[in-house]
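**Student:** If you use our numbering, the sequence shown corresponds to residues 74 to 413, in order.
Where hints are given, some of them may not hold.
When the alpha-carbon atoms are kept at most 20 Å apart in a straight line, the in silico DMTMM-like pairs for lysine to aspartate or glutamate are as follows [to be verified]:
| # | residue 1 | residue 2 |
| --- | --- | --- |
| 1 | Lys263 | Glu276 |
| 2 | Lys147 | Glu116 |
| 3 | Lys140 | Asp113 |
| 4 | Lys140 | Glu116 |
| 5 | Lys147 | Glu192 |
| 6 | Lys231 | Asp361 |
| 7 | Lys263 | Glu192 |
Have a look at the derived ranges for each label pair, beta carbon to beta carbon [what the hints assert, rightly or not]:
| # | residue 1 | residue 2 | range |
| --- | --- | --- | --- |
| 8 | Gly125 | His392 | 48 to 56 Å |
| 9 | Arg146 | Asp243 | 25 to 33 Å |
| 10 | Pro253 | Ala300 | 22 to 30 Å |
| 11 | Glu357 | Ala242 | 19 to 27 Å |
| 12 | Gly376 | Glu329 | 31 to 39 Å |
| 13 | Glu164 | Leu396 | 53 to 61 Å |
| 14 | Glu192 | Ser320 | 43 to 51 Å |
| 15 | Glu329 | Glu164 | 25 to 33 Å |
| 16 | Glu192 | Glu245 | 30 to 38 Å |
| 17 | Glu386 | Glu329 | 51 to 59 Å |
| 18 | Glu333 | Ser178 | 18 to 26 Å |
Hints were generated in silico from the structure; no laboratory data involved. Glycine is no exception: its CB is placed at the ideal position from the N, C-alpha and C atoms.
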Amino acid sequence: MERALVTPGQRRYGEEDQEHYERPRRRTRPRTKDRPTYDDAHEGLVLTVDRGRYGVVVDDRAVTAMKARPLGRKGVVVGDRVRVVGDVTGEEGSLARIVEVDERSTTLRRSADDDDAVERVIVANADQLVIVSALADPEPRTGLIDRALVAAYDAGMKPLLCLTKSDLADPETLLVTYRPLGVPWVVTRKGGDIGELRERLRERTSVLIGHSGVGKSTLVNALVPDADRAIGHVNAVTGRGRHTSTSAIMLPLPGEDTVEGWIIDTPGIRSFGLAHVQPQHLIEAFPDLDEMTEDCPRGCTHGEDEPECGLDEAVERGHADPLRVESFRRLLAARSVSLY
74 MERALVTPGQ RRYGEEDQEH YERPRRRTRP RTKDRPTYDD AHEGLVLTVD RGRYGVVVDD
134 RAVTAMKARP LGRKGVVVGD RVRVVGDVTG EEGSLARIVE VDERSTTLRR SADDDDAVER
194 VIVANADQLV IVSALADPEP RTGLIDRALV AAYDAGMKPL LCLTKSDLAD PETLLVTYRP
254 LGVPWVVTRK GGDIGELRER LRERTSVLIG HSGVGKSTLV NALVPDADRA IGHVNAVTGR
314 GRHTSTSAIM LPLPGEDTVE GWIIDTPGIR SFGLAHVQPQ HLIEAFPDLD EMTEDCPRGC
374 THGEDEPECG LDEAVERGHA DPLRVESFRR LLAARSVSLY
């Protein structure tokens, strides 16, 4: 028996067949370019980030929030000033939504390695980078100090060198290296007075970074008694500390009647890539040296191997301090030098 051919105008199935009936169409709301204004949103400050949950202070209340979907892949980091909607009571089990992230005044960032183009923002809106380095146990590593200085200058932040454990070694050995750069410093010791450090932190938002074991958490606990940051120990064989802080956290610096500033404690650093830093941005952090490079050849990095660099000419004519130029070039070279 021959099968009848079905022409395009004929139905393939009979009315009794299930395929005869059309599938229900997916109902979707029409797209609109109008976006909510969030006029009722509350201003907040991000203090912690933990697996998609954000600790935000809103009107002196600790609120847990999540990032709203319209923000997409836009990152939210500690220090961000945000706008929050939803349940901002701060009660247990409540959850608000971060719907907007304000423009950042500064961004401290790093890449995983020097050849890694992917940048990672560590904190936002901080104005001071406190580089914590022990004078002994563990031994100071100038690689991190130099790289942290580069990151601070690139971000437009003021650096502060904090040298701990001065009861174990003379700070002058390290300070002589950084005086030509004009980097301010404070020196502390175990059980000693931290009044000078506290004064330099007042009315600022400061980020503390350093290798594990340098005493960073000890300082935070002394400055913020309720912080209760875990304190680690240094391995006697490797000379390296154990990570005790696992994520960045923003803490208020308490005063007599008010908050005097903010401290951001960060995990101990093992790598600090600077692939994102351009030499031109670094030289701009040194206005006195920058004006001496106006006649440099195009593409000059101002390194010590660059021919006809204006810095060399300035040194020869006595217009620039050789130690300051040498120190700047050390920072420039730090962009590709290992921390260890």
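**Student:** Now look at each hint and say whether the structure bears it out.
**Tutor:** Checked hints:
Restraint check: the Cα-Cα separation between lysine 263 and glutamate 276 comes to about 25 Å, which exceeds 20 Å; the hinted pair is violated. Among the hinted pairs, lysine 147 with glutamate 116 is consistent with the structure: their alpha-carbon atoms are about 18 Å apart, no more than 20 Å. About 17 Å separates the Cα atoms of lysine 140 and aspartate 113, which keeps this hinted pair within 20 Å; it holds. As the CA atoms of lysine 140 and glutamate 116 are separated by approximately 14 Å, the hinted pair is consistent with the 20 Å bound.
With a CA separation close to 13 Å, the supplied pair lysine 147 and glutamate 192 stays within the 20 Å bound. Simply put, lysine 231 and aspartate 361 have alpha-carbon atoms about 17 Å apart, close enough for the 20 Å limit, and the pair holds. For the hint pairing lysine 263 with glutamate 192, the CA-to-CA distance comes to about 36 Å; that exceeds 20 Å, so the pair is violated. Our hint of 48 to 56 Å for glycine 125 and histidine 392 holds, since their Cβ atoms are close to 54 Å apart.
Look at arginine 146 against aspartate 243: about 49 Å separates their beta carbons, and that is not inside 25 to 33 Å. Against the hinted window of 22 to 30 Å, the Cβ-Cβ separation of proline 253 and alanine 300 comes to about 35 Å, which falls outside the hint. Evaluation of the 19 to 27 Å hint for glutamate 357 and alanine 242 yields a failure: the beta carbon distance comes to about 34 Å. The beta-carbon spacing between glycine 376 and glutamate 329, approximately 50 Å, falls outside the hinted interval of 31 to 39 Å.
For the pair glutamate 164 and leucine 396, the supplied restraint of 53 to 61 Å holds, since their beta-carbon distance comes to about 59 Å. About 18 Å separates the C-beta atoms of glutamate 192 and serine 320, a value inconsistent with the hinted range of 43 to 51 Å. At about 30 Å, the beta-carbon gap between glutamate 329 and glutamate 164 stays in the expected band of 25 to 33 Å. The hint said 30 to 38 Å for the Cβ distance between glutamate 192 and glutamate 245, and at roughly 36 Å that hint holds.
Restraint check, glutamate 386 to glutamate 329: a C-beta distance of roughly 54 Å satisfies the suggested window 51 to 59 Å. Between glutamate 333 and serine 178 the CB atoms are about 19 Å apart, so this pair conforms to the stated range of 18 to 26 Å.
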